[in-house]
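Colleague: The residues making up each chain are set out below.
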Amino acid sequence: MIDEIFLSQLKQSVDLFLPETILVATFIIALIFDLIYKNSRYLIAVISIIGLVFSGIFLVNQSTSSAAIFSGMLSFDPFGNFFKILILLTTIIIVLMSVFSKELYEGGRKTGEYYILIVGMTFGMFLLAVANNLIIVYLAIETMSISSYILAGYTKEIKRASEASLKYVIFGAVSSGMMIYGISLIYGLTGSLTFDAINSAMISSDISGLTLLIAGLMIIAGIGYKISAVPFHFWTPDVYEGAPITITAYLSVASKAAGFAVLIRFLKVSFFDSTNYANDEIWTLIGTIDWQIVIAILSVLTMTLGNLVALWQTNMKRLLAYSSIAHAGYILMGVVVMTDIGVTSVLIYFFVYMIMNLGAFLVVMIIANKTGNEDIQKYNGIGHKAPFVSACMVIFLISLTGLPPTAGFIGKWAVFTAVLKSEYIWLAVVGVLNSVVSLYYYVKIFRNMYIRNFEDDSEIYEFSPGTYILLIILAVPTLIFGIYFTPLLDWAESSVKIFLGV
Amino acid sequence: MTINLEHYLILSVILFCFGIYGIITRKNAVMVLMGLELVLNSANINFVAFSRFGGLNIEGHVAAIFVIILAAAEAAVALAIILNIYQNYKHINVDEISNLKE
Amino acid sequence: MFTILGVGPLTWITFLPIVSMIILLLIPSGRDEKSKMVSHILFRWLTVLTTFLQLLLALAIYFNFDFGLTGINQQSTMQFVERVRWIEIQNLPLLGNLKIDYFVGIDGLSAPMVLLTAIVCFAASFASFGIEKGVKGYFAMYLLLDTGMMGVFVALDFFLFYVFWEVMLLPMYFLIGIWGGPRKEYAAIKFFLYTLLGSVFMLLVMIALYFAVGTFNMFDMMDPSKYDPSSILAGADTFWRYVAFAALFIGFAIKVPSVPFHTWLPDAHVEAPTPISVILAGVLLKMGTYGMLRISWPMFPDAVRYFQDYIAFVGMVSIVYGALCALGQHKVGKRDFKKLIAYSSVSHMGYVVLGMAAMNPEGMIGAIFQMFNHGIITSMLFMIVGVIYDRAHTRGLDDFGGLANKMPVYTGIMAIAFFGAIGLPGLSSFISEFLVFVGAFKTYPVLTIISGSGIILGAGYMLWTLQKVFFGKLPERWAGPWDPTGKKYKHDDLMPVEYAALVPLAIIIIYLGIYPIPITDLMNTSINHLIDFVKTTGSFAAHL
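Residue numbers (this note's numbering), protein chains in the order written: chain A, 748 to 1249; chain B, 13 to 114; chain C, -2 to 541.
Just so you know, the hints here were simulated from the structure itself, not pulled from any lab data.
Be aware that a few hints might be false.
The calculated DMTMM-like cross-link candidates involving lysine to aspartate or glutamate, where the alpha carbons are at most 25 Å apart (straight line), are [stated by the list, open to error]:
1. C:Lys403 <-> C:Asp306
2. C:Lys130 <-> A:Glu1209
3. A:Lys1168 <-> C:Asp98
4. C:Lys223 <-> A:Glu1170
5. C:Lys133 <-> A:Glu1170
6. B:Lys39 <-> A:Glu751
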């Protein structure tokens, strides 16, 4: 009898796990094809795209289901689904971008494993977005990290790439070591590793105090490392600068998304009272530790440091690295308020951030393909040499600053709405001041593109049609969502439901 | 004297601190990795000790096994990366690998 | 309301430039010299045509305008209203109903501004003929700017207002940054940062107001019965209402600009190309004071009354300090003609702020009339500087003298603008300044007397400039013709394009100086209502 129930639950679990299964299958098939067709240039990319798209189709189909699967190890819910779709879209765009990357294919480098690892990393992030158990969190973080360590140093004969890879692996391993220690303490305190069991243990036995604070901080440090929140951000600029541009873009969006997904889920399911939660916007904190203050401090530090250091960067990848740190700070503001509106604003911001940030990195890649590096000085006069690309870059940068009529404004608007709704006025003021600061370094980029050496009309760059199509795919939504954002808002609002366990 | 939970916890804290100390002070990348192993194993001791003394379920033991496996995987990748660093720089001194600075 | 092709005039007047911009971007600019020249001519005349159509629309709106309707806080008495659901999401689990409208309309407050924008943009499009590099980009940005400005003056939904307000920043940055003078980078980024700093606070206040009333409709935000009692902005004379008002005021004061937020203006003006200086002074500065009257005054009447004295003081300081700085241009610094006019703008916009703070019909009507007049007169002044700068490539006050003999017609037109700026009786600004002083004197006699020195100082620096540049001895270096080849300038005096830009403005100044009724009647009803609303019968007053 019990076996039958277990079997039917298992069957349901396997059904729901289909998108992930497809990813694993794609991973294996691509590996085999890579062994057989060693010299094909784009075959593995095509296989990966096909696998990702299939996975996406099944993902969209299950967007409303909400269940705990594999004995409560994973919880599938609209919230996790939103992040999975986001990660999948990012992956598809990154794979397409990689096909046009000159740096990656230079010297006849074989890229089969590159795409395979990206698929593997996607699998890790999928798990992270739905993980409901601290060991799964740890496993998923490692699955995604180990792939990303290799990807960061994929152009291995380039010194800065191998350096980036080393720094990434050392910092990453240390932070995950801290995290697992924190997890072990939580296990000792609550006797469980599943989020909802931690929650019920905390309700029943009123656990709090220094140990919980340390354990929680250690886990937040591990996740904070993934979302590059200050003070766990040390690796970010170096790795972003050294890694191939496509991987930099990938890390700045997808792995951050996965990190935010698990951060929100962990905080909400473990530390907030689940018993009186009924589609209510107020979350009630259990225990005496005020996690809101912790996250608020992280948020303020993250955006302020990110923006201030970005001011004097001269390398585009490094500049965008600091800018992505700053954006993590803005998104953390949505986490700070710890309400459903806050979560909605995080979702909206993330979607918008994905489009505009990938767009900005795409332009950096396109230009680096021509000029060979990412020095901001090399952007002088690009406005004339590549008018369309530069115009798109202006759109992305304006969007990153958060000015209307671009999607970035909608993201900022949503976050500030959430923050003001909870009357965190000081935080909102810090946030808007930061976005004024950020304007300065974004403007610096298009100042170089348009204002410096404007009359230099020596040559006009030619680009392949594929890059233009990719640019349009990213630039048009950046404008459209700035003017008409109803679908985005609807989707985000319907995705805030976090499954609280059985 | 009976050995109880506190002893294990103190051992794990000491291991953790040694590990962190090693990571911070060592210049050789391989030594840094060894420090890391200490940190991971200190967590393992916690898991197993809590599981044994706390009268908790098997979860702790399972967690420890997972950590061991992942530590091995991570070490393999890290060593490969360090090997690559050696090829590019002819040394593996972490402090001197700093081309990427503003 | 009349419609064209089923679309109302305000939508046309706002989005016509965008349509032209798209057409313009589709025209290739050509590679060889000949096709480049042809395309440049095309771009120029397309812009002139667009702004001319805009002017015709503005006049059509003017002649169809019902002078008796109040507007301000009454949705039913707004004119040429167009309202379409833009974003509508019902029953969101969290945000409730989110409604953002495309909602435009005008009343006696915005009608003069729409007219002013149309006139200034039309005149400035002629002044843009001198732009030689990146012509296509220039006119595209110019048209985008035009849409942004027009949109600000017609928007009645706060969200829409904010979008237009920000849309304008980017083209302005490029117009100063690419086509500006030697320190253009600095001036452009300074402009951008200052205005953004102001507008982000506006964003926060906007969101707070949205939570208070549940929509972005400006009229709901003016109606205290719509306020959610639990909102921090509910009630009257609360701390947060004062903070919100102050944040909004700083946002708008940066744009005006009032001392001490004015430092971006001289830089931007000096570096910007002539037509952009014209638009900056003629229209952009008015957006600050317009925003105060459209948003701050009716939405926070209690806070206005509380801060009234301080605002008047800010106005007074702007008047005197701006005038002193302008006068100082004769003695210190680079003695830049444009900088002088920039500071005179600070001073003249100070009259507007003073008149607005006075809160009586004379002061308020004077203030808005002054906004209109200052727009026209300062536009002319900047064009006048542009004319000699194009020829002599210098703007130093000391580099000129005796131009009256060399360019008699030019000097004649210039005299109208100069005396207009001084406020000579018979010219339009005399009436507006007089009204401002009469109004302000009733409420703030001391401040008004001090401000009066601004008039004297103004006469000082203007006459001094007049004497230095136009009378006296012509320097040796300008003795010959401006253009010895005779290609660009066939004779020394004004060119037909410059006539086209300057003469209509001169006529407006004289006409309104003799007969101001066309503009003052336009706003009379609305302004009286605004004052009533804020001061006495204002619905917030009932809560006191």
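Colleague: Taking the earlier hints as the rules, which of them does this structure contradict?
Modeller: 1, 5, 6
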